[in-house]
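*Asks:* These are the residues of each chain, in order.
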Amino acid sequence: MTTTQARPETPPAPPPRPPGWGAWLAGVARGAWRQLTSMRTALVLLFLLAVAAIPGSLLPQRNVELEKVQNFYREHPSLAPWVERIDGFDVFGSPWFAAIYLLLFTSLIGCLVPRLREHWRALRSVPPKVPARLDRLPQHTRVADYDGDVAAVAAALRKQRWRVAVRDDTVSAEKGYLKETGNLVFHFAFLAVLVAVALGSWYGWHGNRILVAGPDSAFCNSLQQYDESKLGPRVDEGGLPPFCLRLDDFQATFQDNGQPKSFRATVTVEGEGPARSESFSVNEPLRLDGASVYLLGHGYAPIVRYTDRFGRTQTKDAPFLSTDEMQTSTGAISFPDANVDPATGVRDPSLQVGFDGIYLPTAPTEPPFLRSRFPAEDNPGLLLTAYRGNLGLDAGIPSSVYQLDQGQIDSGRLSVVGEPKLLRPGEKWTLDDGSTVEFLGTKKYVTLSVRHDPGQGIALVASVFALGGLMLSLFGKRRRVFFRLASPTPTSRSRLLEVGGLPRTDYPGFAEEFTSTVAAVREKA
Amino acid sequence: MAALSDQLLVVAMLGYLVAMICSAAVYAFGSKGVVARVAERELVGAGGPPVVESVSPEPVVAARDGRAVWIGRAATVATVLATVAQVACLVARGIAADRLPWGNMYEYTIASTSVAAVAWLVVLARRPGLRHLNLYVSLTMVVLLGVAGLLLYVPIGPLVPALNSYWLAIHVSAIAISSGIFLVGFVPAALFLIRDGYDRGKVGFPFSLGQRLPAAAVLERLSFRLHAFAFPIWTFGALIAGPIWAEAAWGRYWGWDPKEVWAFISWIVYAGYLHARATPSVRKTTATWIAVLGFLTMLMNLFGVNLFFSGLHSYGGL
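Chains Z and X, in that order, are what the protein sequence lines are.
Going by our numbering, the first residue of the first sequence is number 1, and it counts up by one from there.
Going by our numbering, the first residue of the second sequence is number 1001, and it counts up by one from there.
What the hints contain is simulated information worked out from the structure, not anything from laboratory work.
Just so it is clear, CB atoms sit at the ideal spot from N, CA and C, and this is done for glycine as well.
There may be inaccurate statements among the hints.
Now the stretches of chain Z that chain X is said to cover, found in silico as 3 or more residues with beta-carbon under 8 Å [what the hints assert, rightly or not]:
1) 44-52
2) 251-262
3) 278-287
4) 454-468
In silico negatives: residues of chain X with every beta carbon more than 10 Å from chain Z [to be verified]:
5) Ala1074
6) Val1080
7) Asp1199
8) Gly1204
9) Arg1252
Bound-form chain X, shown alone (with noise of 0.2 Å):
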């Protein structure tokens, strides 16, 4: 089962680099592609309209797209199956070790990434126009799943005694989870703020990429859909479960732990951007960009406080 579940996770990794692949053949060839665009251009500066990028249900086919929609849906076939290879993977994982399949730092990651993949074809379901999206979630899928398997793999073993408590499914259940959602609505969060530079004319490397990429608006309103939904969990897992089950077994609910210093330091960040937002005052750019600097504050404390300091979270098996 240990064998399986490490395979599994090879399996993921190929199948969103499958997905990958595919995104950025559609990404140059598709309909809305580079190619495809050269096209349009002649057609518009024939005095139609002008073109308004628009998350269109299905776009136009002509013959020559044939190809590219047929790459997109095995786009979307990878993402489905890396994802569920990514799950079963932890599934496996919890079976083998016979307890909940996030204790140490490499299970924690592959969970809050499954809780993200996992989101991503739920929105991907409920907004398929947002599927040009996929290349950059499958990329930093790869990336993660990546520093996962090569960085932080730990073989299977029992649970420290520390960990050994049903809080371990409230807490760190709660905390993978909208961990991963966060992770998900920050791909939008990035991309709403190239697509805004591109819409405002600016022309550098990654502003470039805007007009592919979904509206603003869209971006601005998935991300922050995203992050309100993720926002609550996130407080209950680190405000709420987390100081209780730390005054059962440190003595105390809130210490000031490294991990408890960066939780917090996430929690506030992530409620400014939630205030900003509602904040006509303030731009949505600048909202965006605090959204941005929150998953930050969340990767440090996923790796930055795991890997460089030491202190009572200190189970990452490193």
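Isolated chain Z (complex conformation) (with noise of 0.2 Å):
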């Protein structure tokens, strides 16, 4: 659309008394096309792009930032339903982006496909006729003694690659097709996009989990077995690449100020063939075949063993998540099998225990054990708070595995045991009715998505011929020359030959580029 051509505004003048509701429909209809592919809707249709783009940065976007949107809930309870209604917290999916999207899209198809219809033609024609009146060209010029004829004109400007036609004894000559051309790709590489970003939303998937180091927690590339995870309406769950990942280590340096310096992850891949090791970072994901895996980020999950009044002991970690840069980390680790009578087999519901921790990679010297005082574990201290008590677990209500139900501590049901406390690896604590906690030591996690896009690939080409369409319908020009040669005279060889130039887009060098022809067109000669 980069072209200097207008394109009528308005439909014509609607006929004074149409003849029947079908050609009055018509009419509308052709009207409403018309209006539809001008210029003037489809600058308007970009800004309202632009302009419907804004809320998406100002709002909290769910696909983007789940736990913003939440927040925004919490603060905003009365105005958060109609930001919802409105589709505030998923802009770039809402019908109405959609709508003005697709109106473009529309628009954009009804401009290109008679432009397209035009440069096709116009590639295959010759250029026009010589002008009558050359001296009313912008550019204009008489070379009074000219040896050559018109062959020798036309053979010049060829080698110069321009577009000649010969007609007795003048030649047109164009150039600069190239302008539309890429114009056009430009154009038409941005459907091109679209479709591509639709089919990676329908043939796409992606699932993100934690998972923590060890052979224990491996897991095998399967809906169930992600935190969360979404799939193209297209894909069927079975078809899913078949592998499986074990993270064997997790390597993170940091400044002297806590920045991070690097990440680095080992795992071991199963299911492709034979087992193998890879290692990957951020910047560097993890190419297996049909997915990629992706570092977002890490922690620590504390590992607790709990010793339970009858002596039955469990051992678990839970990946705890950092809340600062320092890895200050939270999160709580559940016993709801603790103290079943080893007599009876019954199983207390009241006597479930739990813990509430904040786990401090660098923990300062002295209380408050707040706050970590540096990422790396130079100093580890897990502060736990005991509870015991229903944990709520049975119930069936999916509740958050990183912090006990607060309704139930609300409600009484689970109950705080003793002061919190600090433990440092190797300690152990013993509570009030002689269970011990111990806290072993921790183990490293990462979080992972794992993501399928087929359409990522197309729309990296499709922006490439964009990128190439456009510079060659920025720069691009489109200009032509006219030659004629006068009548010879009898008594000289030489004829007088003049010459016209015409640039038929904006182009400021067209003077020096025709005065070079003409001299290029004379030597030759």
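Build the complex from these two chains, which are given one at a time in their own frames, with help from the hints.
*Replies:* Right, dumping it as structure tokens:
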């Protein structure tokens, strides 16, 4: 749409009295179509798209940062449902956003198809006849003593890759068709990007999960194994590529101020032939057959051994979520099967045990033990608060694994045991009922995103084409030159050559090119 | 080296300040300045043809203008020195940190304004007649460098892992270069609007500056060429290199992160400008307003998004 063609902005005056409803409707439809495919409408739609994107950056978006949407609900309980109703938390998937870009693309197609046809015709046609008055053109000159003939003029021009038409004693030449070609390529590439995005959302899928180090926590690629996942509507769950991952090692290095320097995860991949070890990092995803694995985050999972009042021991690890840059992490560890009487085998739900914890990779030397001083484990400490009672897990209601059920605590069914206590690795804490809890150490975990998007290659190729087309259309110049050779005079072999030049697009350097073209033609004679 | 870099920033700022003051002096007292024009008007009033504001290569130098010419030269020299100091500041920072010097918002601002400064010198070398615009360019530079030095400054440190990729060289450089050129393109765009308003008889404050500006068509054309040059680089940086890196780092090539949203908005607005500029039925002033709007979205993206929103691009060091 970047050339200098004005389209009719409005349909021509409607007929005074439409013959019938059918014709009237057809007239309205034609008018609407013409309006939609006009340059002005396309520009307005383009701006609407920009304006419509703004709320997407002002409001938290569900698919970008879910927690912030939940925060928004908490902070503005009356406003949030209204925002929800207009898809404010999913701007880029909303019907109104789609309406704008679909209208824009329809407008684009309506604009491009006729231009494609026109350009196709132009590409196959010869340059037009030489105008009668060459001196009326923006560039004009006379060569008094031209020794050659029209064939020589044409040859010189062809050498400079002009498209040439010779008629009698005149030569018309045109150049710069690539401008419109580039223009069309640019816009069609945009349609291709839209197709690629659609393909990606239909045939793509992703799953996110936390992967704790060690053989016990390995996972395989199926939906149940993900904490959060999304399949495109055309993806069959059974068709996901079969592979299993086990986190063997995770290394993080930090600067003195706690800023991370490097991350590296080492995993064992199974399922694609023999098991093999792979290592990957931020910016360097693990590329598997049909999926890529991205390292999004990392953290610590404290390991706790609980020995209940009957002497039965259970060991658990639970990933804790980091709350700041120094990896102060919070989480919970539940022992719902604690205190089962070995004599009767009866589980008393009011004797379940759970711990709320704050893990400090580098704990301060003295209280309060609330914030870690450094993200690496220089002086680890686990601040535990013990709870005994009904953990509320039996009701089958899904709850967060990172904290104990606050409802159970508030209702008194789950109550605090003693004071919170900071445990160093290997330290043991004996609770009032003689049971003990021991902090054994930590495992590392990584947050992974496993993704497949079949559209991304197409989108990349299309956008490279778009860029190429854009440059051609921005820097290309369509221009014509015309030559007319006067009839030979009996006295001299030289003839008068009259030359005119017409830049068909905005082209400030045309005068220089015109001069050099004329010079080249002269030289060739 | 780090200290040297910081000192060079101060030198650059002082240089632009000197350039600004000298340009302002030429403005007031030069051959096209207030004093000169009063004299000129008397001459023209005596029956000569109306004086059309032009970008004549060298104004007629009367004896009283000698000083103004020297001040004008000093302004140009100061601009060149300031640009050299600024680029040196960037290079020194890169050497001190042993990496590309655009890993946080402070460095990014210095880098993109360096591009703007160099682009301006190129324009200046090719079109000496536009040197009157130096006042506005150096003013913009002083303001932006001031913001960078006072508000955004962070000490040198290594890159966070998320930025540790060769795409930093490709993506951020392309963005910095195109933003720098958009910044230079914005100056003639804004001045075109002033000059155009002046030509249409407006006399209020910003338009009164118009009489000392180059011809409207020259400004408009310069602005278009700078934008047309920067736009493909922006397209490459924001919509090709950015998504490729985003795919490797975050797993998706486009995810509507606030920075991505605003890059998209800027792209759309500048695309709208180029379309409007190419459509004869759209007036040049309307088109240029779109370019000005585009620059505002760029500012929003650089400062607004980094300061007010948090997102995946938050490594501004703020």
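*Asks:* With reference to the structure, classify each hint as holding or not holding.
*Replies:* Cross-check of the supplied hints:
1. Counting residues of the stretch 44-52 of chain Z whose CB lies closer than 8 Å to any CB of chain X gives 4, which reaches the minimum of 3, so the coverage claim holds.
2. Chain X is given as covering the stretch 251-262 of chain Z, and this holds because 6 residues of the stretch bring a CB closer than 8 Å to a CB of that chain, at least three being needed.
3. Closer than 8 Å: that is the beta-carbon criterion, and the stretch 278-287 of chain Z has 5 residues meeting it against chain X, so the requirement of 3 holds.
4. Counting residues of the stretch 454-468 of chain Z whose beta carbon lies closer than 8 Å to any beta carbon of chain X gives 7, which meets the minimum of three for the stated coverage.
5. For Ala1074 (chain X), the condition that its CB be more than 10 Å from all CB atoms of chain Z holds, with the nearest at approximately 32 Å.
6. Distance to chain Z confirms Val1080 (chain X) as a non-interface residue, since its nearest Cβ pair spans about 27 Å, more than 10 Å.
7. The Cβ of Asp1199 (chain X) lies farther than 10 Å from every Cβ of chain Z, with a closest approach of about 21 Å, so its non-interface assignment holds.
8. Here Gly1204 (chain X) stays apart from chain Z, with its beta-carbon at least about 28 Å from theirs, past the 10 Å limit.
9. Against chain Z, the non-interface label of Arg1252 (chain X) is violated: not every CB pair exceeds 10 Å, the least being about 7 Å.
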